[in-house]
Amino acid sequence: MAHEPPARLDHALLDETVEDLYEHAPCGYLSTLPDGTIARVNQTWLDWTGQARAGLLSGTKFQTLLTVGSRIYYETHYAPLLQMQGFAREIAFDVVCADGRILPVVANAVQKRSEEGSAVINRITLFDSTDRKRYERELLLARRRAEQTVKEKADLLSMLSHDIRNPLNAVMGVVQLLDRSELTDRQRRHVQLLKSSSDNMLQLLNRVLELSKAESSSYALGRTAFSLRAVIEDIVATFGPTAEAKGLRLRCTISERVPPIVVGDAIVLRQIVTNLVGNAIKFTPAGEVAVMVQAGEIAADAITLHVAVSDTGIGIAPDRLDRIFNEFTQASDDTAATFGGSGLGLAISRKLLALHGSEIHVASTPGQGSTFSFAVRLLVPGTAE
Amino acid sequence: MSVRARNNVHVSGTGAQPMLFAHGFGCDQNMWRFVAPAFERSYKVVLFDHVGAGHSDTAAYDQRKYGTLAGYAADVLEICRELDLEEVVFVGHSVAAMMGVLAAGMEPHRFSRLVLVAPSPRYLNDAGYVGGFARSDIDGLLDALDSNYLGWSSTMAPVIIGNADRPELAAELTNSFCRADPAIAAHFARVTFLSDNRADLTRISIPTLILQCAEDVIAPGSVGEYVHRQIPASRLVNMKATGHCPNLSAPDETIAAMREFLAAAG
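In the order they appear, the protein sequences are chains A and B. Start counting the first sequence at 0; every next residue gets the next number (numbering that gives the first Met the number 0). Start counting the second sequence at 0; every next residue gets the next number (numbering that gives the first Met the number 0).
Heads up, a few of these hints could be off.
[What the hints assert, rightly or not] When the alpha-carbon atoms are kept at most 30 Å apart in a straight line, the in silico BS3-like pairs for lysine-lysine are as follows: (1) B/Lys239 x A/Lys60; (2) A/Lys111 x B/Lys239; (3) B/Lys43 x B/Lys64; (4) A/Lys281 x A/Lys194; (5) B/Lys64 x A/Lys150; (6) B/Lys64 x A/Lys212; (7) A/Lys150 x A/Lys212; (8) A/Lys132 x A/Lys60; (9) B/Lys43 x A/Lys152; (10) A/Lys245 x A/Lys194.
Simulated from the structure, these hints should not be mistaken for laboratory data. Model, not experiment: these values are computed from the prediction.
Same shape as in the complex, but just chain A (with noise of 0.2 Å):
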């Protein structure tokens, strides 16, 4: 299929021109020994390094013109890949000019090979990278910088709630012993409205701090042998009074093929059903909340399980769903006012099914109803390691 030059075609014009497309590619261009020997080069790699012509085709190595730095990085994962793989892509290094500035490069290599399958040549080519990685930096040096203010956020949020934990253990004390003693009903009044209150406010500090403790990478998950569906069950029936007093009824289905005892968190998963359960009577005000758990993939010492918290409530927008699982962040703005509630609860629930490697997810229609669900990996005993 090679296409005939135009006859008049002046032949050495032809070859000059490819020499002027080499020697002036807006790239340089290097061909080097399988072991770095420098061969060929082009003048654009002159014109930006001001290195001498001569000088590069005398025995320098192409690594020698690089910093420490960049050295150690040729020699531990450029040369391997380009021996590995044939070639190398997107190599990042520091070239050293002949004054001494620092030229940052992008390279890219391949190995040509001859038919016994032995490094011949290496070609390289090589971009300036200078705008690219001063862009590079800005964009690192902003993400360290974010992410140590939500570092240093948090850890101030935690500071404060335990700050703030201790004065008011005090105060419930005092109310405590309040409440005990002789009182007017109106005096009993103000101290049930006490307590109540600091009540609300004590756990709306321990979610808080479970908040931070769940997003603090040094959070270490438990491992014990544990019964989920005692677990599953006893949560139900904390929550029985609380639903029959709101007329709600609360069901709960556990498959036979769950295992009866697996090896897990059992408190994260607790406090994440109990999250779940405990939302879904708030916002159910009539109808039912239902606790489902089904065993899915079974491998040889792990089960998958998962768990939906169902209920016939008031729902979620479509435009507030992928928000719900926010701190501070409720289905409506009159929600904590109609409802209560910090809305971290999803939130740790979602941070804690992070760290098991699984998320949460949810299925809503408003006025009908709300399913919560996970799934989640759980050792089976026994068959583990």
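Since the structure of chain A is provided, determine the placement of chain B on it from the hints.
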């Protein structure tokens, strides 16, 4: 998670005596692809990836455990125990050479021979010792890692293509043998290049082969001589191969030197 899965252990070969290959900083067990097959007839060849490299289980990465080379040496011993390896010929490249020295110091009876390819017990210069690097050079390396792992480089390709569920879409374009979690790579770089295992060398009494390359900026000739002096039962071979990875650039020379050593010592 079993040790086999954690370290992506691969066993091959028809021999009885185990030969355990440990890769160095930068890439994964593919570093041995031109050397290991040559020993499959006479040895039980065991390859693995350090936690954080190759196809190891990065979830098993523990900052504290892998905060020193002893953590990696402990993994070597865990692999030996899991696979019930005895009389092991340990072949370690670059920083993994010192992992072998540490492991052999901890459980000497496990190992029959050490092959140290381009070893260095300390990369930084010290009073009366030339490791080859100053502290600022290591910062330069960390900077290079930043550019290559966090910058707009090919290791980012799966993210750019935007399909993290199907990494094979990008795999062919990338430097797949040297992929690593950026944070782990930076930590491993620090642990490697700030390590000092000079004192551990003298505990080695089993026959040891030191393969020293020419023009190796990471493990210069003087370092190879130092290692040779510190391990009395060692043999130092100065190779024709240049650079830091003779296992890749000069596999034939590497294999021949190993065979000669193993035949003479055995």
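Verification of the hints:
| no. | hint | result |
| --- | --- | --- |
| 1 | B/Lys239 x A/Lys60 | holds (16 Å) |
| 2 | A/Lys111 x B/Lys239 | holds (22 Å) |
| 3 | B/Lys43 x B/Lys64 | holds (28 Å) |
| 4 | A/Lys281 x A/Lys194 | holds (21 Å) |
| 5 | B/Lys64 x A/Lys150 | holds (24 Å) |
| 6 | B/Lys64 x A/Lys212 | holds (22 Å) |
| 7 | A/Lys150 x A/Lys212 | holds (12 Å) |
| 8 | A/Lys132 x A/Lys60 | holds (25 Å) |
| 9 | B/Lys43 x A/Lys152 | violated (54 Å) |
| 10 | A/Lys245 x A/Lys194 | holds (22 Å) |
The structure does not agree with numbered hint 9 stated previously, though it agrees with all others.
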